Every structure is written in structure tokens, then in C-alpha cells.
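Chemist: Order-wise, the sequence lines are chains U and G. Going by the working numbering, the first sequence opens with residue 1, and the numbers climb by one from there. Going by the working numbering, the second sequence opens with residue 1, and the numbers climb by one from there.
Just so you know, these hints were derived from the structure itself, not from any lab. Do not rely on the hints blindly, as some may be mistaken.
To be verified - Just the calculated beta-carbon pair ranges, DEER-fashion:
1) F54(G) to P48(U): 32 to 42 Å
2) G277(G) to P10(U): 46 to 56 Å
3) Y17(U) to K62(G): 32 to 42 Å
As the list claims (entries may be wrong) - Covered by chain U, per the in silico footprint, the following chain G stretches (three or more residues, Cβ under 8 Å):
4) 75–87
5) 242–253
Computed from a predicted model, the values in this text were never measured in an experiment. Backbone N, C-alpha and C define an ideal beta-carbon position, used for all residues, glycine too.
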Amino acid sequence: MATVVKTYEPRFWDRIYIVAIAQGLLITLGRIFRRKDTIRYPEERHVPPQGYRGLHRLNKHEDGRIKCVACEMCQTACPAHCIDIEPSAAPWEEGEERYPVKFDIDLLRCIYCGFCEIACPKDAIELTEIYDFSAYARDDLVIDMDGLLKVYDLTKDGNVYERHNRGEIIEVPITR
Amino acid sequence: MMDTFDLLAILIKVVAVFAIILVLIIASIIAERRVAGFMQYRLGPNRVGPLGFFQPFADALKFLLKEDIIPDQVNRPLYLLAPVITMIPAFMTFAVIPFGAPLEIAGRTVALQVADLNIGVLYILALTSVGVYGLVLAGWSSGSKYPLLGGLRSSAQLISYELAMGLAIIGIIMISGGLTLTEIVAHQQATSWNFWKQPLAALIFLVAMYAETNRLPFDLTEAEQELVGGYHTEYSSFKFMMFFMSEYSNMITASAFMVCLFFGGWDIPFVDEAALGNLGVILSVLAFFAKVVGFLFLYILVRWTLPRFRYDQLMRLGWKVLLPLGLLNVFVVGLWMAVTA
């Protein structure tokens with residue numbers, strides 16, 4: 001492979017430094033007036049793009065029944081073993097015969113890879129754009145089925161952050 | 001012969017100058033942080049008060065409430081004395097700076113200057129050198145390796161730039177024929193700004209000024225990355241704040257000194273201040289502080305633009321570039337005076 005040798009021979013004006021310093025000062029001076037990148041959280045919030053992998057949700061049918069059939073495919077696909085499902089016979093007459101009675105996701109173990117989303121045959125589990133959720137105890141960061149269904153209600157009408165971008169607190173139903 | 005009027009005038013001037021320095025310190029601290037933010041596409045601190053202007057007060061409160069830690073290995077008397085030695089000269093130097101045209105009150109003239117010493121220039125040079133002792137002592141008495149290195153660098157830095165700085169000033173003293181800053185300003189008013197007459201001296205002085213105040217690109221004594229803060233590594237709480245304030249105070253005095261020596265002091269170009277009466281005095285004070293603020297801004301601009309010089313690079317610059325250039329300047333000025341005289 002050919003080697004490119006770059007040489008730098010400082011000329012007289014470079015050796016004086018004055019011109020170079022003045023150029024440098026002009027660059028930083030010009031930067032003062034440019035647009036700033038800062039997002040003033042929580043007054044302003046970053047709006048994640050489509051396909052962002054944040055907090056999970058469990059989708060519902062139009063009549064309000066859960067789409068999940070507790071097949072445990074997501075649990076198997078999960079590389080972090082953060083999903084815990086307990087299946088049971090569905091109480092309703094029509095539709096799927098199985099449904100989960102327990103669907104816990106440990107949000108601290110989850111690596112937000114989205115494999116559960118890909119594995120799901122019913123498009124029941126999905127990752128949403130919600131990224132700012134927090135709690136005071138580790139136990140509170142395990143989301144249950146109830147919470148996951150509430151996240152669906154919160155996010156089904158488009159990006160949450162586009163609707164709530166004025167500094168209000170978004171109630172994220174993560175605690176059990 | 002000092003009567004009540006003179007005494008009162010001096011007291012008011014002392015308080016006013018002290019207040020002005022404090023306000024400028026506060027303003028330059030917040031300006032430093034916000035301008036630095038702007039240069040890096042950030043906003044900087046903007047939460048405390050309007051535009052974040054109360055941030056320095058919050059900082060000061062934090063320093064006051066912090067635990068004052070004195071490490072076991074320090075040399076206690078010197079350790080406690082060092083911040084005082086740094087801070088007092090930092091505030092004293094401004095005393096000889098004339099910051100406005102003489103004011104006329106009730107038929108009497110009040111010079112807008114705390115003390116018109118006949119050796120004003122030497123007074124400033126002497127006191128700033130005393131201030132450096134504070135840094136050296138802080139480094140020595142901390143009994144810790146990084147402060148010691150910082151103190152050593154400080155003393156070596158002192159001798160390598162102060163010679164050049166002195167030579168730059170000698171050129172000015174030669175043409176104005178006096179050591180008081182009032183004379184130097186008056187001479188510039190009568191003719192033109194010294195910057196136009198001796199740009200080389202102005203440049204040397206500017207470079208030396210950054211070394212004098214330990215600001216980037218010559219902040220070798222602090223050098224966070226190599227020396228963990230250098231001389232003030234072992235200082236906390238209020239004692240750290242004293243170093244911090246004296247750094248900014250020194251910046252203000254150095255800017256004011258620069259303005260007096262090379263940029264006409266309180267002179268407004270193409271305006272006859274004396275003809276305007278006391279309005280001219282107010283304008284002259286504003287002009288003076290506008291120039292000082294301009295240099296303070298340059299300090300900030302330079303700090304966030306240029307990387308730090310290496311230790312040997314500073315030595316080389318001081319001894320092999322600035323010193324010969326300073327001598328050349330004195331020689332040329334002398335020659336020019338001999339020819340025109």
C-alpha cells in the first residue's frame with residue numbers, strides 16, 4: 001500500500017502566530033451568534049423519531065381486549081430475560097383462547113433491543129418513544145400488565161412529546 | 001492640606017472603586033460562563049435570576065457554606081496567609097488607575113482616581129509581583145506535589161514575562177516622560193493613542209498581560225489537566241474563593257492598565273471632554289469602562305480559543321521572542337526620539 005507522507009512547512013506568517021490566532025478568535029466569535037443545540041428540558045423535550053425504542057406497551061384490540069395471547073415468544077427472544085409472563089385461559093367467549101394474567105417487564109434489565117417486538121406473532125408488544133421515566137426505588141421500575149396497557153392508551157394517538165412539549169409532567173404508569 | 005471635602009471625596013472614591021471592581025468581577029464571572037457556553041453551542045447557566053445573572057451569587061453562597069478543609073500536611077501560617085497575599089494586591093492595584101476626566105464639584109476639581117502616585121506604573125508592577133508571591137506560597141505551603149509544581153511554574157513564569165512587560169512599558173514612559181498614569185493618559189490625549197505609535201509594545205504587553213494574570217494560554221500554574229488546579233488544589237471554601245476573585249480582579253486591573261497605557265485611558269477619540277463639562281466626565285468614565293470590558297471580553301475569547309502553551313514554549317516565547325522584541329522597541333523609540341528632538 002502506498003504511503004502518503006504529509007509534510008507541513010510553516011511559512012513566515014504561520015510562525016508569527018498572530019494571523020492564525022486572529023483567525024481562531026474570529027471562529028469562536030462567530031460561534032457565539034449561531035443557533036444553540038441546548039434543549040431546555042423539561043420546558044422543551046426532545047421528540048424522538050419514528051422507530052425509537054423506549055418504554056414498552058401492550059396493544060389492545062378495538063373492543064379493548066388485550067392482543068397478547070401469552071405465547072411467551074417475546075420472553076424466549078429476550079436476551080436480557082426481563083419479561084415474566086403467566087398465561088391463562090381467556091375469560092371471553094370469542095377471539096383468542098389464551099391471555100396473560102401476569103405480564104411484568106423489568107425496565108432496569110431491559111436493554112431496549114426490540115427483539116420482543118420482532119418475535120411477537122400478534123403485534124401485541126411494541127416499544128414506544130417514551131424515554132424519560134424514573135422512580136425512587138428499583139422495585140418501582142418493574143412495569144406490570146396494567147401499566148403496559150395504560151402506556152398503550154397514552155401513546156396510541158401519535159408521539160407523546162409532540163403533544164406534551166410545554167413542560168407539563170407526563171404521567172408514565174410504570175409503578176405497580 | 002486635607003479638609004473635609006477632600007477626605008469625603010477620597011472615601012467616596014475608595015468605596016466606588018471597590019464597588020465597581022466587585023460588580024465587574026461578578027459580571028465577568030457570569031459572562032465567562034455564558035460566553036463559553038455560546039461558543040460551544042450551549043446556553044450556559046441561565047436559571048438563577050434573569051439571564052442567569054445571579055449565578056455568581058449562588059456560587060459565592062456555595063463557597064461560604066462549604067466545609068473549610070485544611071489538610072494535615074500544610075504549613076499552617078503560610079497556607080492561611082497565601083490567599084490573603086494574593087487577594088489584597090489584586091484589589092489595591094486599581095487605586096492608581098485614572099478612570100475618568102477630572103470632575104468639577106462646587107468649583108473644585110476632583111481627580112477620578114483614588115491616589116495619583118508619582119510612581120503609578122511602578123506601583124502596579126510591584127504589587128502584581130507581590131500577588132505572585134501568594135501563588136508561590138500557596139504552592140509551597142500546601143505540602144502536596146501538584147501545588148508545588150504549580151508554584152514553581154508560577155515563579156519561573158514570572159521572571160520570563162515580566163522583563164518583556166517592563167520593556168514594553170519603558171517605551172511608553174520614554175515618550176510620555178512620566179511614571180504617573182495621569183501623565184501617560186494626558187500625553188495620549190494631547191497627541192494620539194500609544195497603540196498607534198507603538199503597536200509592537202502593545203502586542204508584547206498584551207501577551208505578557210495574559211501571563212501576568214495566569215489566564216489561558218498561559219495558565220500553567222493552574223493547568224487543570226496536568227496539575228489538578230495547581231496552586232489552589234488543596235484550598236477549599238472561602239480561601240478558594242479568594243484566589244478565584246483575585247484572578248478576576250487581576251484581569252480587570254490588567255485590562256485597565258492596558259487601556260491607560262495604550263488605548264488612551266478615558267479618552268474618547270475626536271471628542272473634547274473638557275468642553276462638555278461634567279457630561280464629558282460621565283462620558284469619559286463610560287468610555288474607559290467600555291474599553292476595559294472590551295479587554296475582559298478578549299480575555300474570555302482567548303481563553304476559549306487557544307490551547308495552553310507548554311512550559312518550555314512559554315520560556316522560549318518570553319526569553320527568545322518577547323525580550324528581544326521589547327529591546328528592539330525601546331531602541332527604535334529612542335532612535336525616533338533622538339531624530340525628531
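Chemist: Now tell me if each hint is right for this structure.
Modeler: Now for the hints, and whether the structure bears them out:
1. The hint said 32 to 42 Å for the Cβ distance between F54(G) and P48(U), and at roughly 34 Å that hint holds.
2. At about 55 Å, the beta-carbon gap between G277(G) and P10(U) stays in the expected band of 46 to 56 Å.
3. The hinted range of 32 to 42 Å is satisfied by Y17(U) and K62(G), whose Cβ atoms lie roughly 39 Å apart.
4. Under a criterion of three residues with beta carbons nearer than 8 Å to beta carbons of chain U, the stated coverage of the region 75–87 of chain G fails, only 0 such residues being counted.
5. For a cut-off of 8 Å, the count of residues in the region 242–253 of chain G with a CB near a CB of chain U stands at 0, and the three-residue condition is violated.
Checked against the numbered hints given earlier, the structure breaks hints 4, 5 and satisfies all the rest.
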